[in-house]
Amino acid sequence: MKLIFATANQHKAEEVRALLGRAFTLLTPNDLGYTEDIPETGNTLEDNALEKARFIWKKFGLPCFSDDTGFEVEALNGAPGVFSARYAGEARDPKANMQLVLREMEGKTLRTARFRCVVALIMEGKETCFEGMVNGSILTAPQGEQGFGYDPVFRPDGYDCSFAELDLEEKNKISHRGQAISKLVDFLRQYEQPHL
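Here the numbering used here runs 22 ahead of the position in the sequence shown, where the first position is 1.
One or more hints might be untrue.
[Claimed, not checked] With a Cα cut of at most 30 Å, we get these calculated DSSO-like pairs of lysine-lysine: (1) K34 to K24; (2) K148 to K34; (3) K80 to K205; (4) K34 to K81; (5) K80 to K148; (6) K34 to K80.
[Said to hold, decoys possible] Label-pair ranges, simulated between beta-carbon atoms: (7) A118 to P61: 20 to 28 Å; (8) E126 to Q165: 13 to 21 Å; (9) L132 to D53: 39 to 47 Å; (10) P61 to G180: 32 to 40 Å; (11) L132 to G111: 20 to 28 Å; (12) G147 to A113: 34 to 42 Å; (13) T134 to E68: 19 to 27 Å; (14) M23 to T63: 28 to 36 Å; (15) A97 to N65: 19 to 27 Å; (16) G147 to L49: 17 to 25 Å; (17) D208 to N99: 30 to 38 Å.
Simulated from the structure, these hints should not be mistaken for laboratory data.
Being a predicted model, the structure only gives us computed values, none of them experimental.
Quick reminder that beta carbons are idealized off the backbone N, C-alpha and C, glycines included.
Produce the complete structure using the sequences and hints provided.
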């Protein structure tokens, strides 16, 4: 089954490809020759995920899904949240975003945080959303070389290392995106065969 993942982020595509397994052929807009930005103007993760999926659905008419992920820090009143990718500016520099959060967290003892992911799927015009969430805390400095985004400063509950110190298989077992994509895969596998 062919699915379009409405993202230009190759790290995300690799993670999701590993989660989907061989039953699905994952394509990105780039694979189909589309290299422009995908609109993302919503005020919530749900709004953004749906906006991106609708855009790609209208463009290609193939089953597609999109995700939007927020890094939510309790001491920062849930920020960066929906603005996680561009927290330090429109350049969308992951290191700058991470450094800004670390600066804002200096001297704070409350360090609880979570990643939340919403996946929006459109098949035959029908929209379905799935959500995943992982709780943890913010480290005082980056640790690890794996992952991307805020992974080096996030330690998931029950672990003594950051997301960026976990290998992809281990991270996918517990991550917010792993949870949401697992729900997506379960949903797709229950679909009647003629609709695939």
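Discussion item. Under the constraints set out in the numbered hints, which ones does this structure not fulfil?
Written reply: Violated hints: none; all satisfied.
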